[in-house]
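Protein chains in written order, with full-length UniProt numbering: chain A, 1 to 293; chain B, 1 to 309; chain C, 1 to 315.
Keep in mind the hints are simulated off the structure, nothing from the lab. Mixed in with the good hints, there may be bad ones.
Heads up, simulated DSS-like pairs for lysine-lysine below, C-alpha to C-alpha not over 25 angstroms straight-line [what the hints assert, rightly or not]:
| # | chain 1 | residue 1 | chain 2 | residue 2 |
| --- | --- | --- | --- | --- |
| 1 | B | 272 | B | 164 |
| 2 | B | 122 | B | 164 |
| 3 | C | 72 | B | 116 |
| 4 | C | 72 | A | 94 |
| 5 | A | 24 | A | 65 |
| 6 | A | 97 | A | 24 |
| 7 | B | 272 | B | 260 |
| 8 | B | 167 | B | 122 |
| 9 | B | 233 | B | 178 |
| 10 | A | 162 | B | 11 |
| 11 | B | 11 | C | 177 |
| 12 | A | 73 | A | 183 |
| 13 | A | 97 | B | 11 |
| 14 | B | 116 | B | 11 |
| 15 | A | 273 | B | 272 |
| 16 | B | 11 | B | 63 |
| 17 | B | 11 | C | 131 |
| 18 | A | 73 | A | 94 |
| 19 | C | 131 | A | 97 |
| 20 | A | 273 | B | 233 |
| 21 | B | 178 | B | 167 |
| 22 | C | 131 | C | 292 |
In this text the structure is predicted, and so the values were computed from the model without any measurement.
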Amino acid sequence: MAADMRLPTIRKTVSLSASAFDRKDLVVPGDVITSDTGFMRGHGTYVDDDKLTASVAGEVQRVDKLICVRPLKTRFNGEVGDVVVGRITEVQQKRWKVETNSRLDSVLLLSSVNLPGGELRRRSAEDELTMREYLQEGDLISAEVQSVFMDGALSLHTRSLKYGKLGQGVLVQLSPSLIKRQKTHFHNLPCGASIILGNNGFVWLYPTPGQQEEEAGGFYTSLEPVSLSDREVISRLRNCLLALAAHKVLLYDTSVLYCYESSLQHQVKDILKPEVMEEIVMLTHQKLLEQEG
Amino acid sequence: MARVQVSEAEKVYILHGIRDDLRVDGRGCEDYRHMEIETDVVSNTDGSAKVTLGHTAVLVGVKAEIGKPRPTVPTEGYLEFFVDCSANATPEFEGRGGEELGTELSNTLYKVFNNKRSIDLKSLCICAGEHCWVLYVDVLLLQCDGNLYDAISVAIKAALFNTKIPKVHISSDDEGGKEIELSDDPYDCMRLNVENVPCIVTLCKVGHRHVVDATLQEKACSVASLIISVTHKGTITCMRKVGGGSLDPESIFEMTEAGKRVGKALHAPLMKLLEQEESLGKKRQKVYTCFPGLPLVSPQPPREESGAK
Amino acid sequence: MTNSPCPHPDNKPFSGQPEKEKTWGGKRFRAGPVAWVIYFNMPTDTKRVRGPEVSQSPSLFSCDPAAVLPSKGPRADGRRRDQVDVRPVFVRCGLVSQAKGSAYLEAGNTKLMCCVYGPRETDRKDETDMKCGRLTTDMRFAPFSCPERGSWIQGSQDKDFSLMLHESLQPAICLHKYPRSQIEVSVMVLENSGSVLAHAVTCASLALADAGIEMYDLVLGCSMRQDGTSYVVDPSYMEENGCSSVSCENQGGLTVAFLPSLNQISGLQSDGDMTEETLTAGVRTCIEGCYKLYPVIQRALTKAVRKAAPSQSES
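Required output: the full structure, derived from the provided sequences and hints.
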C-alpha cells in the first residue's frame with residue numbers, strides 16, 4: 001500500500017512555445033475587437049456603438065470578413081461529420097437520447113442505426129419494442145453527427161460498421177477544445193490499444209479488436225476478460241491523456257503516442273503525480289517540436 | 001453523492017481489473033491517489049486545513065468557542081461536527097439535496113470521535129461544570145470525486161493539529177463571581193494532541209476483492225463498502241457498513257484486517273508532513289486556491305495571423 | 001404574539017424568591033430566573049405544554065452523573081457476562097390493523113413497534129426508479145422513551161438510526177420486484193432499555209414479512225458491548241451508557257444486522273476504541289446472538305401466518 005502525501009506547490013503549465021500571456025488574440029467579454037465597420041459579426045461577438053465586441057472569453061478567429069470568438073472552455077458545439085462518443089441517457093419512442101457533452105442531449109434515431117445483422121429494412125414496431133435490447137441507459141456509443149437541429153441539438157447516426165455500441169474499455173472526459181480535428185479519429189495505436197478521440201472531448205480507450213470481432217460490428221460486446229498487458233497499456237494511455245490535458249496539449253494520435261513513449265520509464269500509477277506529469281509533457285513537447293522541425 | 005453512470009461493459013472491465021490488482025488508473029487495490037495537504041488556510045479560524053485527494057477537495061475549519069459543559073460530563077469540553085455539502089461540489093447538492101449526505105457524514109464523525117482517547121477532552125475544560133471549550137469542526141466539500149470519508153478524516157486531523165486555542169486565566173472576585181480573562185499574546189496558546197486522532201479508511205467491495213480510495217466509477221460497481229476509522233496504534237474507533245448490499249462475515253474480517261493495515265500506515269506520513277509544514281512556518285508559500293483542471297491558456301500555439309486586433 | 005401582555009412586566013416570577021436554591025434528591029441546584037423569563041415571553045402555542053427552552057431532568061442531579069458499572073460478576077438483571085446471553089424476547093405480529101404489516105417487540109424493558117405501509121406509488125415522482133422499488137425508513141423515539149425527555153422532532157441521532165435501519169433492511173428485500181413503488185417502514189421506540197437499533201432491525205424485518213413483502217431472508221439484529229476484557233451481549237441502557245470502572249482501553253459498542261440463512265451481514269456499526277481482534281470476535285458473538293434469536297422470530301411469524309390463514313373447512 002502506498003499513500004503519497006505532500007504539500008501543494010504552485011505549478012505552471014508546461015509550454016515550450018511563447019507564453020499564453022503574450023498572446024494578442026485572446027479576448028474577454030467586453031473587449032473591443034475592432035471598430036472597423038467593414039467586418040461581419042460572428043459567434044461570440046456583438047456590436048455596440050459600431051464597435052465589434054467580444055461576448056465570450058476566448059480566441060479571435062477571422063475568416064475573410066467574418067470575425068468570431070471561439071471560447072476556450074466550452075461545451076461541445078457539434079458540426080456535421082464530427083465523430084462523437086456519447087452515453088445513452090434515455091430510451092424514448094423511436095429515439096435514444098445521448099449525452100455528448102453539448103448543451104442539449106443529442107438524439108439518435110432508431111432509423112439512423114444499423115440494426116444487428118446489418119440488413120437494411122424498414123424499422124418495424126417490433127424494433128421499437130426491442131430498442132432497449134440494443135442500447136440501454138448508461139451504454140456508450142460512438143457515432144457521427146448527421147445534422148444539427150434548429151435549437152442546437154445534434155442528430156447522430158451510426159450507419160457505418162466503425163460506429164456503434166462500445167464494449168469494454170475506459171472513457172476519459174476532457175475539454176472538446178483539446179481535441180485536434182483530423183481526417184480520422186479512430187486510431188489503432190502501435191502500443192497495443194485503440195483510441196477514439198471524439199470531437200466532443202470524450203475519448204474512448206479500448207483493446208485493439210481482433211479480426212472477427214471487427215466484422216461482427218454493431219451491437220455485439222465481448223465480456224471476456226481483457227489481458228493484463230492490454231489493461232496496463234490502456235491505463236497508461238488514460239493517465240497520459242489526463243497529463244496532456246492538464247497541461248493543455250492538443251490531443252491527436254502523434255501527441256498521445258509520444259506521451260506514451262515518454263512515460264514508459266515511470267510506473268503507470270505515478271504518471272498522475274504533478275512532477276512526473278510535468279516531466280513527461282515536457283518530453284512530449286520536445287519530441288513534437290523535433291518532428292515538426 | 002455525485003453519481004456517475006457506468007455501462008455494463010465498463011463495469012466488467014473495472015471488475016476484472018480489480019481482480020487482477022490493476023485498476024483503471026494503474027493503481028493497485030490498496031493504493032491511494034496522491035494527496036495534497038495544506039494547513040492554516042483560513043485566517044478567521046483557529047485551525048484549518050485543505051485536503052485534495054485526486055479531484056476530491058475538502059476544506060475544514062475549526063473554531064473554538066466558550067460554552068457550557070454537558071451536565072453528564074462536567075469536566076470535559078466537546079466537539080461539534082457539521083458537514084456542508086455545498087452546491088459547488090455537484091449540482092445534486094442544490095437546495096436540500098446535500099442535507100442527507102451531510103447528516104450521514106457528520107453522524108459518522110460523531111461516532112468516530114465517540115471515545116476517550118481520540119482527543120483529550122479534559123484539556124478543553126476551563127472551569128468544571130461552568131465553562132469549557134467547544135470545538136466546532138466545520139467541513140466543507142469543495143469537489144466530489146469519491147472517497148469523501150478518508151479525505152475528510154485526514155483534513156480534520158490536519159486542522160486539529162493546526163488548531164491554536166488561546167490560553168485563558170480564571171480569576172474570581174470577592175463575591176465569588178468568576179471572570180475569564182483571555183490572553184493578550186496571540187502566541188500564548190494551547191495546542192491539541194492529535195496523536196490519537198483516527199483516520200478513516202473506506203474499503204469498497206468490488207467483485208470478490210476490495211479496494212481503498214475508490215473513484216466514483218469504481219463505487220458505482222460496488223454493492224457495499226466498509227468504513228473503518230483507525231488510530232496510529234491500530235485500534236478501531238468506528239466501523240460501519242454503508243451501501244445497499246450485504247457482506248459475507250469472512251469478507252468483513254478480511255476487510256477489517258486490510259483497513260487496519262492501511263489506516264495505520266496513513267498516520268506516520270501525515271504527521272511527518274504536518275510537522276514539516278509547521279517547521280517551515282511563514283516561509284511557506286500558500287497555495288490555497290490550487291484547483292486542478294482550470295484551463296488558463298489556449299491549447300493552441302499562437303498563430304501569426306491573429307485576428308483583426 | 002410577542003406583544004401579548006406579560007403578566008409580570010418586570011419579568012419577575014411570582015414565586016417571590018427566584019434566587020432560592022431548591023433541593024432535589026439531596027443535590028442542590030439553582031432555579032435561576034432566566035428560564036422563567038423565557039417562559040413568559042414565549043409565543044403562545046396552544047398545542048404544546050409551554051416550558052422553559054432549556055430544561056434538564058432532575059435525574060441528572062439526583063444521582064452521580066457517571067454511574068460506575070462493575071466489570072465483573074453477574075449483570076444487574078442476572079444475566080451472565082462473557083456469554084451470548086440475550087434477553088428473552090416477546091414478539092407479536094399484526095398489532096396495527098391499518099398498516100399493511102406490523103410487529104411489536106419486547107426485550108427486557110426495551111419496547112418498540114414497527115409498521116410497514118406500501119408498496120404503493122412513489123410520492124416523489126422525480127425519484128421514481130423504473131427498475132427498483134424504494135425503501136424509506138423512519139425511526140423515532142417517543143419523548144418519554146429514555147430517562148431524559150426527548151423531543152418530538154427527529155434529531156440527527158434518530159436520522160442516523162433510520163439510515164442504519166435502511167442499510168440493514170435493504171439487502172434483504174427483493175426491491176426489484178416492486179418497480180416504481182415505495183415501501184415505508186417506521187419504527188417507534190416506546191421504551192429504551194438498550195440495544196434499540198438491533199431490536200428495531202429484527203422488529204422491522206418481522207413487520208415486513210407480516211406485510212407480505214418479498215424478502216430473501218429475515219434480518220436479525222444483535223448488539224454487544226465490550227468493556228476491557230469482558231463483554232456483555234444485548235446490553236441494557238445502563239450498560240450501554242454507563243462509564244466503566246476499568247481503564248478506557250478496548251471499550252466500545254457493536255451492532256450487527258445479520259441474514260441468518262444467507263449468512264450475510266447487512267448492517268454493521270461500531271464505536272468506541274477496540275482492537276481488531278476484539279472487533280472480529282465481537283462480530284462472531286453477535287452472529288451467534290442472532291442465531292439464538294432466529295427460532296423465536298420464526299415461531300412468531302409462523303403463528304401470525306397460521307392466524308391469518310383462512311380455516312380450511314374441507315380438510
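Now for the hints, and whether the structure bears them out:
no. : hint             : result
1   : B:272 with B:164 : 19 angstroms, holds
2   : B:122 with B:164 : 16 angstroms, holds
3   : C:72 with B:116  : 22 angstroms, holds
4   : C:72 with A:94   : 73 angstroms, violated
5   : A:24 with A:65   : 19 angstroms, holds
6   : A:97 with A:24   : 40 angstroms, violated
7   : B:272 with B:260 : 20 angstroms, holds
8   : B:167 with B:122 : 15 angstroms, holds
9   : B:233 with B:178 : 41 angstroms, violated
10  : A:162 with B:11  : 23 angstroms, holds
11  : B:11 with C:177  : 23 angstroms, holds
12  : A:73 with A:183  : 24 angstroms, holds
13  : A:97 with B:11   : 21 angstroms, holds
14  : B:116 with B:11  : 43 angstroms, violated
15  : A:273 with B:272 : 19 angstroms, holds
16  : B:11 with B:63   : 43 angstroms, violated
17  : B:11 with C:131  : 18 angstroms, holds
18  : A:73 with A:94   : 33 angstroms, violated
19  : C:131 with A:97  : 19 angstroms, holds
20  : A:273 with B:233 : 29 angstroms, violated
21  : B:178 with B:167 : 16 angstroms, holds
22  : C:131 with C:292 : 36 angstroms, violated
Against the hints set out earlier in the document, violations occur for numbers 4, 6, 9, 14, 16, 18, 20, 22.
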